[in-house]
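Peer 1: Residue numbers (our numbering), protein chains in the order written: chain A, -8 to 239; chain B, -8 to 239; chain C, 34 to 329; chain D, 34 to 329.
Incorrect hints may have been included.
Once the Cα atoms are required to be at most 20 Å apart in a straight line, the calculated DMTMM-like pairs of lysine to aspartate or glutamate come out as [stated by the list, open to error]:
no.	chain 1	residue 1	chain 2	residue 2
1	B	Lys172	B	Glu143
2	D	Lys237	A	Asp34
3	D	Lys237	C	Asp198
4	C	Lys315	A	Asp15
5	C	Lys275	D	Glu121
6	C	Lys315	A	Glu62
7	C	Lys110	B	Glu232
8	C	Lys315	D	Glu228
9	C	Lys237	D	Glu93
10	C	Lys110	B	Glu235
11	D	Lys200	C	Asp169
12	A	Lys222	D	Glu121
13	B	Lys222	C	Glu121
14	B	Lys222	C	Asp117
15	D	Lys315	B	Asp65
16	C	Lys200	C	Asp262
17	D	Lys275	C	Glu228
Footprint (simulated), chain C over chain B, 3 or more residues, beta carbon under 8 Å [to be verified]:
no.	region
18	26 to 32
19	66 to 80
20	167 to 179
21	204 to 212
Hints listed in this document are in silico derivations from the structure and should not be mistaken for laboratory results. Note that the Cβ used here is the ideal one computed from N, Cα and C, for glycine as well.
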Amino acid sequence: MRPVNAVITKIVDETPAIRTFFFDTTFELIPGQFVMVWIRGVDEIPMALSYENAITVQKVGHATSALFELEACDSVGIRGPFGNGFGIEKGHILLVAGGVGAAPLAPLAEKADESGIKVTTLLGAKTKDELLFRGRFGAAGDVRVATDDGSEGIHGFVTQLIEEPDRYSQIYCCGPEIMMKKVLDKVAPPKAQFSLHRYIKCGIGICGACCIDGLRVCRDGPVFSGEILKKSEFGVYRRNECGERARV
Amino acid sequence: MRPVNAVITKIVDETPAIRTFFFDTTFELIPGQFVMVWIRGVDEIPMALSYENAITVQKVGHATSALFELEACDSVGIRGPFGNGFGIEKGHILLVAGGVGAAPLAPLAEKADESGIKVTTLLGAKTKDELLFRGRFGAAGDVRVATDDGSEGIHGFVTQLIEEPDRYSQIYCCGPEIMMKKVLDKVAPPKAQFSLHRYIKCGIGICGACCIDGLRVCRDGPVFSGEILKKSEFGVYRRNECGERARV
Amino acid sequence: MLSLTLTGLNLKNPLMLAAGIMGTTGDSLKRIALAGAGAVVTKSIGTESRGGHSNPSMVEVDCGYLNAMGLPNPSYKDFQYEIDRASEGGVPVIASIFGGCSLDFSEIAKSLDADAFELNVSCPHAHGYGAEIGTDPALVEDITHAVKTAVNVPVWVKLTPNVTDIKSIGLAAQHGGADAVVAINTVRGMAIDIESSYPILGNKFGGLSGRAIKPVTVKCVYDLYEVLDIPVIGVGGISDWKDAVEVIMAGAKAVQIGSAVGNNINIFNDISSCMEAFLQEKEWSLDDIYGMAHEV
Amino acid sequence: MLSLTLTGLNLKNPLMLAAGIMGTTGDSLKRIALAGAGAVVTKSIGTESRGGHSNPSMVEVDCGYLNAMGLPNPSYKDFQYEIDRASEGGVPVIASIFGGCSLDFSEIAKSLDADAFELNVSCPHAHGYGAEIGTDPALVEDITHAVKTAVNVPVWVKLTPNVTDIKSIGLAAQHGGADAVVAINTVRGMAIDIESSYPILGNKFGGLSGRAIKPVTVKCVYDLYEVLDIPVIGVGGISDWKDAVEVIMAGAKAVQIGSAVGNNINIFNDISSCMEAFLQEKEWSLDDIYGMAHEV
Ligand SMILES: Cc1cc2nc3c(=O)[nH]c(=O)nc-3n(C[C@H](O)[C@H](O)[C@H](O)COP(=O)(O)OP(=O)(O)OC[C@H]3O[C@@H](n4cnc5c(N)ncnc54)[C@H](O)[C@@H]3O)c2cc1C
Ligand SMILES: Cc1cc2nc3c(=O)[nH]c(=O)nc-3n(C[C@H](O)[C@H](O)[C@H](O)COP(=O)(O)OP(=O)(O)OC[C@H]3O[C@@H](n4cnc5c(N)ncnc54)[C@H](O)[C@@H]3O)c2cc1C
Ligand SMILES: Cc1cc2nc3c(=O)[nH]c(=O)nc-3n(C[C@H](O)[C@H](O)[C@H](O)COP(=O)(O)O)c2cc1C
Ligand SMILES: Cc1cc2nc3c(=O)[nH]c(=O)nc-3n(C[C@H](O)[C@H](O)[C@H](O)COP(=O)(O)O)c2cc1C
Ligand code: FES
Ligand code: FES
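When you get a sec, could you build the whole thing from the sequences and use the hints?
Peer 2: Listed below in structure tokens is the structure:
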């Protein structure tokens, strides 16, 4: 598919550095799937769908900054949704979200809740103001919070909130790779799903830029079972846009 | 579509110069539609489907001669069916067939008969032996015959057999252009359909080689209503493979 | 709102019939004119009548067509009648012509009365004609110059994409005095029947047209627009209004439509009404979108 | 029954992974090897690490894809590790390499240990690399010769179709000592977003791959087979077993598959089992169909 023209209808400031951009276009979405967002003249970058018609973006570099310059009525080009998305399991599920990693987990929480699945969310951020989608997670179930500076919830990492992980039918995790690696070390790998981050170029499973141990994050992922990640470079190496390996 | 490989399963001698080639491939066919038959290494020529899995060929030149060299188990390439085919009308219909022009009319006779339409056929040929599909037309309704040499039926042209054409709900005609032109002169043009012959190259309505007054025989035809042909070059000019006009 | 002036010709819209499609008879050209085309281009006409290559001369492939018609045509001696018939359609009739040398070209052009000439120096599958000439800048310049000298109507030169550098050929046409270039003719291609191993086309290979080649058209038009002062006319793979807009944005002043006419004789009307609606919604004029991709 | 010897390499089947597809990491190459490929070709590797062009670097178009990755790669200094990993897949690993001159090429080739080298003189969208070299027969011969002198393994030269005469480039490679040529790299193309008039690719233009270009591949392979003594490896638009058979009949000793891997990682197994069934039914060997279209 060519990029679809998506007009921004509304922009919501979620935290000081995170904004949600709503579009006039709705996507049929499995939570965890992503789109390629083309900021014309700048770059095209992967973003999880945080709603069926929105992305939630943390400003980190040139493309995200360019996005932050846009206003309602401006438009971007969108390809997707791509990737597999989370596999939803019945029972009582645990979501572990770090920073903007809450973006793909929020629609998952809502969808699970709607299907009668019990949802508990562990939400982490640097500071109170940066807790993302706290209200959405709260509406879908229990939420427990950790902040790096202790401004809300426990003082420390979200991973410290994980207790008795075996109680949960499935654990879903998205956040910085280091944090996800810690989660993986704490839980039973086959019962956990992680949404990965790798440099995405084509987004459609051809170029191989996003490969982790031969698996394509853009196509076979971005969501992988802990079992697969356990014996992989996950948490050890990442690759930059040249394909060079670097320690996480 | 690319040519489909069609294996010849059976060859039937219909008359001294006309053979039917049956294929292992069945086509969904509106009577009057044609296929492009590729005799590999030789040429590709248009042929009406005389059955849903057969063509009936008169040997007239290099490609038809090459076809006559083929035997069961040999194969040809087939593109199609192409063209519009005859529009079937209820009531009592009249078929006027000259020579190998009987090929597209025979399946029409059978289909009409099956649908409870009354069929009368006027069948013409040079001589008795060359009367094509007499049995098929006979099984579908009345047949009246004309031969140039009087060896069967009336002595003369099949057009002479046309009586009270207004009695028929529709008249279908296929044969040499001169003969079809005579039929057109005898009947009410809006009630008559003619299957035309022009040099066919692409067969799919693009090249324009087969045009008669801007209409494409391969795509808009090969069947045209008498009304359209009345004010056309039909019966006056034909075109050769260069596109040169020549008197019929 | 789609009207324009192209090399001095007034067109009601920028959508023309491409050479070699429904272009052998005056009546078929007239039909296309009446069906909404802004202008029509005839089949390429030569000095002598030709039957072309033996069939199969065209076959559908994935996302396009391969053809090797072999320039069948009744020769210019027989063709004024068809042009006159075509003119009854009320839009400019452009005579596409081909030959083996500049003398052939000017002989034909001098003898025919048409609203413009399109020089086919780009057919990829007629030995000694077309693209064998169109890959040589000096020959292209020479032929263009010869025809320009011979006639008083606009002269367009149709280019082949089957060259290392289409810009140099476009520039040669411009130096020769061309009023416009037309890009592109078909892309060299071939198909083989795996049941028999026979190349499908009677001529063995041919030219690829249709959707498959549109990205090649866009690139060639874009490149030519950058280097030429004369207008570029875009052709190759245009199948709907979006394609037409894309090629115009790439730098085509007008476009031609070939293969896509087969499945939709009414394509000229369809595209022009959709293009109008698009321009209206965007509040753009035809002139605004012309070459627009170069401005970003 | 599909096994063959290609420039001295033993392949279990004639189906290879094309350069630049799943070819940046040793593990992804190994995955394709284990999924049935007869050999795998790495991403093209240069002298320095490159991030490539900015995104969008690939977009789907009608019947194919446009890409302008811009040769992202970690450089040869970082790449032996990946090749070694890839070798665990148990099939030959061919290192695709690129550079700006013959020195670059031989520096890289000398430093890497691979089963063969494929010289990318044909990428249409990296300035100063690839096709800008691959359109010049003298440079192609020179580079081929330099690499042949530097290494003891087979050297293949990958050709661009974006030239007036691919045969002359193939012959240059052969003169330079190439053990095989690979045809074709992508076809120059471009796509424009009509909503904004922006060229879609970050690099503005790129290379067309996928189904759209198969007829071009067939023609190039057919032509090269006619003039070369060394084997031709066919690539471009092969998406199913019929395409593979068609390209082999055109004259390819083996084929490579690129774009089609995206939607079907298992394509190598799928094609080889269907090809075997086809050959069995026809009572043909792989060698029988090799170049078969030239015999009719
Ligand atoms: C599947 C997936 C889903 C994502 N979902 C979200 C989300 O919902 N919200 C959000 O804020 N961020 C998300 N990201 C991360 C987001 O893509 C990057 O933050 C963004 O690309 C940074 O672009 P930049 O130009 O602003 O940064 P840059 O200045 O280019 O670089 C900053 C960092 O961003 C990363 N980056 C840059 N380009 C890409 C690229 N093409 N692919 C992957 N990473 C890149 C690199 O790791 C780089 O180190 C997601 C990433 C992936 C892979
Ligand atoms: C729609 C259509 C349906 C037809 N159905 C039948 C049929 O059922 N049975 C049958 O015997 N014949 C049929 N014909 C006629 C048949 O196509 C020609 O007899 C055949 O092409 C002759 O080929 P040849 O090489 O043997 O003759 P040639 O030696 O090439 O020439 C003899 C004559 O055949 C005609 N011819 C040759 N090539 C073509 C071509 N590509 N297209 C049209 N005419 C051509 C020319 O008028 C030529 O004058 C049909 C023609 C058309 C247009
Ligand atoms: C059947 C056919 C015949 C053609 N004949 C000619 C011709 O005579 N002269 C010419 O310049 N181009 C000829 N062309 C090329 C077209 O004019 C056009 O350049 C090409 O088909 C690409 O456009 P399309 O993709 O819209 O078909 C022919 C193309 C086709 C398909
Ligand atoms: C995403 C992508 C990256 C490519 N990278 C390279 C490359 O690094 N080196 C090279 O020689 N060819 C490269 N190619 C070209 C392919 O190897 C192949 O020649 C071309 O895509 C045609 O084959 P296909 O239609 O099967 O994809 C690349 C193609 C694609 C689609
Ligand atoms: S980004 Fe190209 S394969 Fe994933
Ligand atoms: S034969 Fe080409 S249009 Fe009819």
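Peer 1: Check the hint pairing Lys315(C) with Glu228(D) against an upper bound of 20 Å on the C-alpha distance.
Peer 2: 9 Å, holds
Peer 1: Measure nothing beyond the straight line between the CA atoms of Lys275(D) and Glu228(C); if it is 20 Å or shorter, mark the hint as holding.
Peer 2: It holds: about 10 Å lies between the C-alpha atoms, which stays within 20 Å.
Peer 1: Please work out if Lys172(B) and Glu143(B) have their alpha carbons no farther apart than 20 Å.
Peer 2: With Cα atoms ~24 Å apart, Lys172(B) and Glu143(B) exceed 20 Å; violated.
Peer 1: Do at least three Cβ atoms from the region 204 to 212 of chain B come closer than 8 Å to Cβ atoms of chain C?
Peer 2: holds (count 5)
Peer 1: What's the verdict on Lys110(C) and Glu232(B), does the C-alpha distance respect the 20 Å limit or exceed it?
Peer 2: Satisfied, since the Cα-Cα distance of roughly 16 Å is no more than 20 Å.
Peer 1: For the region 66 to 80 of chain B, count the residues whose Cβ lies under 8 Å from any Cβ of chain C; is that count three or more?
Peer 2: Three-residue rule met by the region 66 to 80 of chain B, so holds; n is 3.
Peer 1: Are Lys110(C) and Glu235(B) close enough, with their CA atoms no more than 20 Å apart?
Peer 2: Status holds; Cα separation ~10 Å.
Peer 1: Starting from Lys237(D), check that the Cα of Asp34(A) is at most 20 Å away, please.
Peer 2: 12 Å, holds
Peer 1: Taking 20 Å as the top limit, are the C-alpha atoms of Lys200(C) and Asp262(C) close enough?
Peer 2: Given pair Lys200(C), Asp262(C) holds - Cα atoms ~12 Å apart, limit 20 Å.
Peer 1: Please verify whether Lys315(C) and Glu62(A) have alpha carbons no more than 20 Å apart.
Peer 2: Since the Cα atoms of Lys315(C) and Glu62(A) sit roughly 18 Å apart, the hinted pair holds (cutoff 20 Å).
Peer 1: Would you mind confirming whether the straight-line C-alpha gap from Lys237(C) to Glu93(D) stays at or under 20 Å?
Peer 2: 30 Å, violated
Peer 1: Check the hint pairing Lys237(D) with Asp198(C) against an upper bound of 20 Å on the C-alpha distance.
Peer 2: 18 Å, holds
The structure does not agree with the numbered hints 1, 5, 9 and 20 stated previously, though it agrees with the rest.
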